[in-house]
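S.K.: So you can see what is in the structure, the chains are spelled out below.
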Amino acid sequence: MYRIPEQNLDRLFSLTAEKSKLYIPADTAAGTAQFMPWKEGLKLTDAHNTVRSAKDFFFPQTENLVGFRVEGKSIEVIDVREETEDFVVFGVRACDVRSFSILDKVFLADPVDTYYKNRREHGTILSLACNMPEETCFCGTFGIDCAAPGGDVQMWQTDGWFYLEPLTEKGNAYIDTVSSLLEECGGEAAAECRRAIDAVKKKLPLAGLTTEGFGGDKMAELFDSEKWGELAEACLGCGTCTFVCPTCQCYDIRDFNTGHGISRFRCWDSCMYSDFTKMSAGQPRLTQLERFRQRFMHKLVYFPANNDGEFGCVGCGRCLSKCPISMNIVKVMKNLTEGDQ
Amino acid sequence: MQEIMKKRASELLLDGTVSRVIGWKAGDFVYDITPAVFESAEEIEKDFVYTAFCGANLSKYLVKESKKPGKTLVFLKPCDSYSFAQLVKEHRVNRDSVYAVAVECRGKADVDKIRDCGVKGICGISEENGTLTVDTVYGDKTLPLSEVMLEKCASCKTRKHAVYDELLGEEGEEVADCDRFGKVRELESMTPEERYEFWRGELSRCIRCNACRNVCPACTCEKCVFDNDNSGIAQKAAADSFEENMFHIIRAFHVAGRCTDCGECTRVCPQKIPLHLLNRKFIKDINELYGDYQAGADPDTRPPLTDFRTTDAEPSIVYRRGEK
Amino acid sequence: MQVNNTEFKPKIVAFCCNWCSYAGADLAGTNRLQYPADVKIIRVPCSCRVNPIFILRAFQRGADGVILCGCHPGDCHYTTGNYYARRRMTLLFSMLDYLGIEKERTRVEWVSAAEGAKFAATMNEFVQTVTKLGRNRKLEDLRCRK
Amino acid sequence: MQRIGVFVCHCGTNIAGTVDVKAVAEALKSEPGVVFSTEYQYMCSEAGQNIIKNAIREHQLTGVVICSCSPRMHEATFRKTASAAGLNPYMVEIANIREQVSWIHKDMKAGTEKAIILGRAAIAKVSLNAPLIPGESPVVKRALVIGGGIAGIQTALDIADAGFEVDIVEKEPTIGGKMTQLDKTFPTLDCAACILTPKMVDCAQNEKIRIYSYSEVSEVKGFVGNFTVTIKKKARYVDELKCTGCGECTEKCPQKKVPNAFNLGLDNRRAIYIPFAQAVPKVATIDADYCNMLKNGKCGVCAKVCGAGAIDYKQKDSFIEERYGAIVVATGFNPIKLDAYEEYGYKQSKDVITSLELERLMNAAGPNGGTLLRPSDKTHPHTIVFVQCVGSRCDDGKGKSYCSKICCMYTAKHAMLIREKYPDTEVYVFYIDVRTPGKNFDEFYRRAVEEYGVHYIKGMVGKVAPQPDGKLLVQGSDLLADEQLRVEADLVVLAAAIEPDKTARSLGTMLTASMDTNDFFTEAHPKLRPVESPTAGIFLSGVCQGPKDIPETVSQAGAAASKVIGLLAKDKLTCNPCVAHSDEMLCNGCSACEKVCPYGAITYSDKEFRGPNRTTLIRRVASVNDAVCQGCGACTVACPSGAMDLKGFSNSQIMAEVDAICK
Amino acid sequence: MDRETNRVREQVLRMSGVNVLKCMRCGKCSGTCPSYEEMDYHPHEFVYMVEKGEIDKLMASESVYKCLTCFACVERCPRGVEPAKLIEAVRLEMVRKQGQNRLKPDRIPALLDEELPQQAIVTAMRKYTK
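Chains as they are written, first to last, in our numbering: chain A, 1 to 341; chain B, 1001 to 1324; chain C, 2001 to 2146; chain D, 3001 to 3663; chain E, 4001 to 4130.
Since the hints were made in silico from the structure, they are not lab data.
Heads up, some of the hints might be wrong.
[Unchecked claim] Part of the chain B face toward chain A, derived, beta carbon under 7 Å:
| no. | residue |
| --- | --- |
| 1 | Val-1119 |
| 2 | Leu-1143 |
| 3 | Pro-1144 |
| 4 | Cys-1209 |
| 5 | Lys-1272 |
All of these numbers come straight from a predicted model, not from anything done at the bench.
Even for Gly, the Cβ is constructed at its ideal location relative to N, Cα and C.
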C-alpha cells in the first residue's frame, strides 16, 4: 500500500503524464463530467461518475478500420491502424472496471478483436473507491464492491490522502514510475474507508435489488412476459442508454465515401435504433417492444447464458439518470419479477 | 392537482368517453417519472402522478396512440398544448380521436440542476409552495423550485394553453417578462470566432444518441433522413465534427417554423447541450424577419417556411448584421 | 478584375436555376466575360430546388464557398420558387453565421438571363471574397481531405 | 453497372481553342463507369451525332455524357440522338464546357482542368439517371369560362368558333357584365350596347355555347385537360325553360321599392325583374330579399300573371357537375367603395357621383332617359368637375397602389359627351397625369381639350364641400398656375379606382391559381405568357388579370381562346417527365409540400400500409399529379423526411455532382 | 448639393421620417391646404424643395409658420408623404440653427386676444416653441 497527500495530486498527474498519456475525470464547461486528457490545471471532477463510461478507451464510438484509395478505376487498400501509445486512466469507478472484463469476454474471445486488444494492452487502470455513491448506484446487485474497485491499481481517497494498492503487473509498473512521489504505508486507513463505504452501501435505495429471477435459464418465461409492452411503450427509441452504458458493445461497420476513396469505420450501434441489425430482408425486430426487450434480455439473460452466468450490467446507474423518459434496467427488473415475490 | 386529474381521468375512462389516458407514471426516486398509457381506473389510481418532475411533453405519443380505436385522453401542460396543436395542424395526429385535457403548470424541476447544487444520493423529494425538500442518503436539503427549474420552464413563454377540450386547474397567462432570446442575443453579439468556439465546445460533446430528435414532437418523420441510407446523408455516429454540425443544423432547419419551443431537446440531452439555442435562433430570426410567429398557436396560418411575402428581406441581410 | 495569384485556389460551387441564372451564366460566356475557373456551376430547375443539405454537403466535401443564383424575385419561372428559396437561405445563412462560420462563404444572388455581366461580376467578386477568407476549415469533413 | 460514353466536342476552335479536348476525353476515360470516350469537331453535326449513335449501339451504352455547349442549346438535339439509337433520351447529360469554360477562361490549363471536373460531375450525375418516360393524360374537349362579361363572351365565342363546346358561368341573371352599363365607348364614341348585345345574342344562339346565368363555381377538382367543376345554379324562382321574357310579371309586381342594381341604385325596380331589355338569357329573376311571397308567403302576383306558368317559389339552389379540359377566368372588376374618402363628400352629397353612375345617368336606358340631371334636384348641372385617380395610385392604405388605366380615357369621353350635348356646361378635369397610350387615344384626349373646350387642370382636388344652396365647393390646386382653385360645381364626378371582383380570391384558391396582393390573377410569365395562369389549364381573360380597357380585353380574350383551342386540339397531353415524386413509405402526410406547390399538383389520401407484425396502418400520404407538376422542386426542400424527390434532378444526383466538383 | 445642404436635408428627412420620393406631384396637399393663400411656398412645393435640397429658401420664408399644422395634407395625401411633418422638421431645424425658439414666452401675453380659440393657442405653442 502506498499513499500520497491530496495536495500532491497535480504532481502525480504531471509525473504520470510525462511517461504516458493520462486521462482523468474532469468537468466540461457545461458542467458534465468526462474523461479528458490531463493538462496543467485540469482538476478532478466532484461528480460521482462521468456521463460517458470508460469503455471509450478500449472501444471508442467510432474507429477507422481500413481505408481504400480510389484512383480512376483502381482501388488500393490502406491500413489505417495507428500505433497506440501507453495510457493511464485515473479514477475509474468499480462498475466501469468490471465493465472491462465484460467487454473482454466479447472482444477477446476468439476471434480476437485486435483493435480492442491493442488498446487494452496499452491501458493502465487506476480505480477509485466510491465514498459517496449515488441513489442510482446498484453495482452491489452484480456483486461489485465499490469499496474495493479493482483495476491495475485501486485507490481510496480519505482524510486528505490517496491510498494506492497495485493489483497487477501493470499496476506495479505504474507504481514504479511514480514511486518518487509516494510513500509506503499500511492498509488501516484504506480498510477504515472501506468500512465507511460499506455502511453507506446499506443505505442506498437500490441496495435490495437482486438478480434473482434472471439469468441464462430464464429465457422462455422472460421472453414471453406480457409486461414488455407496458415497459416499452414510452421508449423513444433513442440510443442514450446504450451510449452511456459501459457494457453495451454492439457496433455497426459502415463505409464512408470521402470523394477520393472509402473509409471503412465502425461505430457504436444501439439495439434501440429502428435500423439495428437491419439486413436486406429488413429489421428482424419490427417494433420498439422487440428492440427494447432485446436490450434487457441481452443484459439479463442472453449474456449470462453465454458467459458463465455473468450479467451484462454493472449497476453504474447511468441509464437511470440519463434516460429521457426515465425507463431503465432497474424498473425493468423490478417489474418483471413483481409477481414473483 | 394530481388528485383532480386522477379523478377526472378515471371518470372519463369509466364512462367510456376515452379508451386510454396518456399521463405520467411514478418511478423509484420521485424524479424518474415515465410517460405511460393507462387503460383502467385501477392503473391510474396506482401509478398516475403529476408532480414538479412531470417535465415530459406527452403530445408526441399521440402520433401512435391516436390511431388506436376510441379516444385517447392526453394531459397537456401549456407548452405541450402547442406541440399538440402543431401535430394536429400537420395531420400527424387526428384531432377527433384525442381528448385533450389542459393542466396548469408552474414550472417543472430539473433533477440535474438539483444535482448541480451538490446534492448526492437523492432518495425522495417533496414540494411545498415552491420549495423542494430533498431527502438524500447523506441528509436533507431544501431548495427553491425556481432555482432548479428546467431550462424550458425558467424561460417559460406562456402558461396559457393553445388548445384543449377540458381545462383542469386555472388557466395561466402569457409570461410578459419572458426573455427567452437573451442567450441567443448574447451569442449574436460575440465575434464569429467566439461563437464558433462556443458551438464546437457544446456540439463536440454530442454522442448522436438521437434523444433530442426522438423526443421532439416536430420530429415525427416516418423515417428520418439521418436514418435513411438512401438519403445520402444518413449518419449513425458523430464521426467528424462536420457530422455533428450537419445533424444539428439540418434538424433545426427541418423543424424551423414548426418548432413550438417546447424545450424537450435540451431537457433530454444526456450531454447537456443547449440545443434549444439553435431552435430559438430560427424562431428569433423568423419573428424579426417575417413577423412574430408561434408554431402551434393556431390551426390555419402557414408556417413561415412554406410561406413568403414579395417584400421579404434578402439573404444579404445576414452579411449586414453586426455592421454599423 | 483579376484575383491575386496566390497559391490558394478556392473551390466554389454555384447552384444556378435553369431559367434565369444558368442562362445568365451562358450569356456571360457568349459575351466572353471572364471569371475565375474556380467557379463550377450546377444546374437546378429552380432556386427552390436547392436543399440546405446540398450546401452543407459542398462544404463537407471541401468547397470554400457556395453561391445560389436564381431569377429575380417576381420573375421566377415557377412564379414563387425563389421566394421560398429566399426565406430558406436567409435562415440557413443566419444559422451558419450563428455557429461562427464565416457568413461571406455563402451567398444568394438574383441573376436574370440578361445579366451576363452581373453574373461575371458577381463571380469575380465572390471568388475574391472567398479567396481572402482562405480555406474553409470550420465546416469541412476532415475525412474528405486529400 | 452503368456503361457510360463520353463525347467531347471541339466546337471548331470555340472549345478546342482554350480546352485541351483530347486530354479531357482521355482523363474522363478512366472515370468509373466510363467504357468509351472520344472527341470530335462538331458533335451536333450529323457526323457527330452518328458517332454518338454508333457508340451507343456498339458499346451498349447506358448513359451518355456530352461535353459541349450549354444544355440550353443542344440538350434536346442530343436527347433525340440518343433516342434514335435506342437509348432513353433522359440518360443524356451535358457538361457545359463552352459557355462556362472555353469562352470565359483564357488559360488552357485552368480551362482543361475545369472541363474535366464538369465532365466528372456529369458522369456522376448520369450514373444515377433513370430512364424517364413522359406520361400522357387525355384531354376533355370542353372549356369553361367563368364570368360572362365582354372578356368571357369573346373568349367563349372564339372557342366555340373553333368547334369546341364551351360553358359560361355568370353570377348575375344576365351575361354582358360591366359593359352593359356603359353608355358610349372610347375612342370612337360608339354605343356600348350596339356593339355588345349582338355578341350576347351570338352566345345565346351558338350551339356550342351553354350559358349558366345566375350561377357560381363552387368546387374545382382535377388538373389540366381533366377538370371536374361543380356549378351552383342559384334559385331564381323562375323556370328558365318556361319563361318567355315577356316582362308581364315585372310590370305587375307590387314591390316597387327595390334599388335597381343595374342603374347602381339611382332608381328602383320590382322584386321580380329582368335587369335590362337586352338581357341574355331574357328570363325573369325574383329578388328573394324583397319578394313578399318568399319572405312571408303573402303575394303571388307574378305567378298569377305569368302566362307561361314559369314562376316556381319552391325552387332551390341546384348543383351541376361538369368536366372540362380548360378553364378561363374572366371575373372582371368593380369600382372600389369610396367610403374612406370623406374629403370628396361622396356619402354626403347625392351630386357627387362615380363615373359609372354618370354612365347610367347619361344612358338612354338610364334613370333619366338619357338626360343628364343632378341626382339631388333633377336640374341641369352647369358646372361639372371631374376628379381623377380617386383611390388609384394611392399608397395611403385606403385605395389601390396601381393605376386603374381606364379612367383618363373615359373621363375625356364623358367631358366630351357633356360638352357636345350641353355646350353651356363648363367642365373641369383635375388630373395628376393624363395617360393615353393606345391607338388614337391621345388624339381623343386632345380633341376634348382643343375642340370641346374641356378645362384640364393639373392638380388634385383636396376637398369637396356641399354648400347650403346645393352647390358643391370644389377646392383644388392648379399646380401649373401655382394657385389654389375654388370651383362652384353642380356635379362632381369621381374616377373611382377599379378592383378585381370579390369572388376572384375564393375562385383563385379553388383553382390553385396564384394571385398578387391586389387579388389580380398572376400570369405565367409577365411578358411571354400573359394569358395563362402558372397553373396549367387555367387561362386569364380581361380585368381579372389587371386593369384593361375594352379593346385590350377583347384582344386578351381572343388570345386566351387561342391558347384554350391549342390545348383542346390535342387528344393527349405529354407531360414533362422531370416531375416530383413522393415516396409513400417516407411520407408523413404533413402537407408542407402541398403548401409550397404553385400548381396544386399534390394531393393527399389515406392509404393502407402493411404495419409490423401483420397489422395494417392507415397513413395520409401525398401523391403528385404528373400532368400538373412542372418540376420546380419547391416541395423537395419543404419535405423534411425526404419523401419528395425530383426526377431528373434528384437529391442523389445533385449531391453526386456536388461531390464530383468538390473532390 | 453641397455637404452642408445635404446634411440639413438628411436631418430634415430623418426628423420627419418622410420619404419625399413617394410624392407623385398630384398637388392634393395644396388643394386641401386651408392656409394656401398665406404661403409663398405651398405644401407640394415644400416636398419638392426638400427633395431638391432647397431648404435654405424654405427657412427664409414665412410659409413655415403659416402652416396651421392641421394635418389635412397628411390625412389626404394619396401616397402617404405627410408634408406637414416635413414642415415641422424644417421648423425644428430652424430652431436648432438659431439656437432658440421663434417665440419667447414674455412676448406671448401681448399676442393673445379674447377671440383666439384655445386650440389655436395650443397649435401655436406647438409651432413656435420649437
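S.K.: Are the hints correct? Go through all of them and say.
M.R.: Against the structure, the hints:
1. Given the 7 Å rule on beta carbons, the hint for Val-1119/B is violated: about 10 Å separates it from the nearest Cβ of chain A.
2. At about 16 Å, the closest approach between the beta carbon of Leu-1143/B and any beta carbon in chain A exceeds 7 Å, and the interface hint on this residue is violated.
3. At its closest, the beta carbon of Pro-1144/B sits 19 Å from a beta carbon of chain A; the interface hint therefore is violated under the 7 Å criterion.
4. Proximity of Cys-1209/B to chain A holds as hinted, the smallest CB-CB distance being about 4 Å (cut-off 7 Å).
5. With a least beta-carbon distance of about 5 Å to chain A, the hint placing Lys-1272/B at the interface is held under the 7 Å criterion.
Violated hints, listed in ascending order, are 1, 2 and 3; each of the other numbered hints is respected by the structure.
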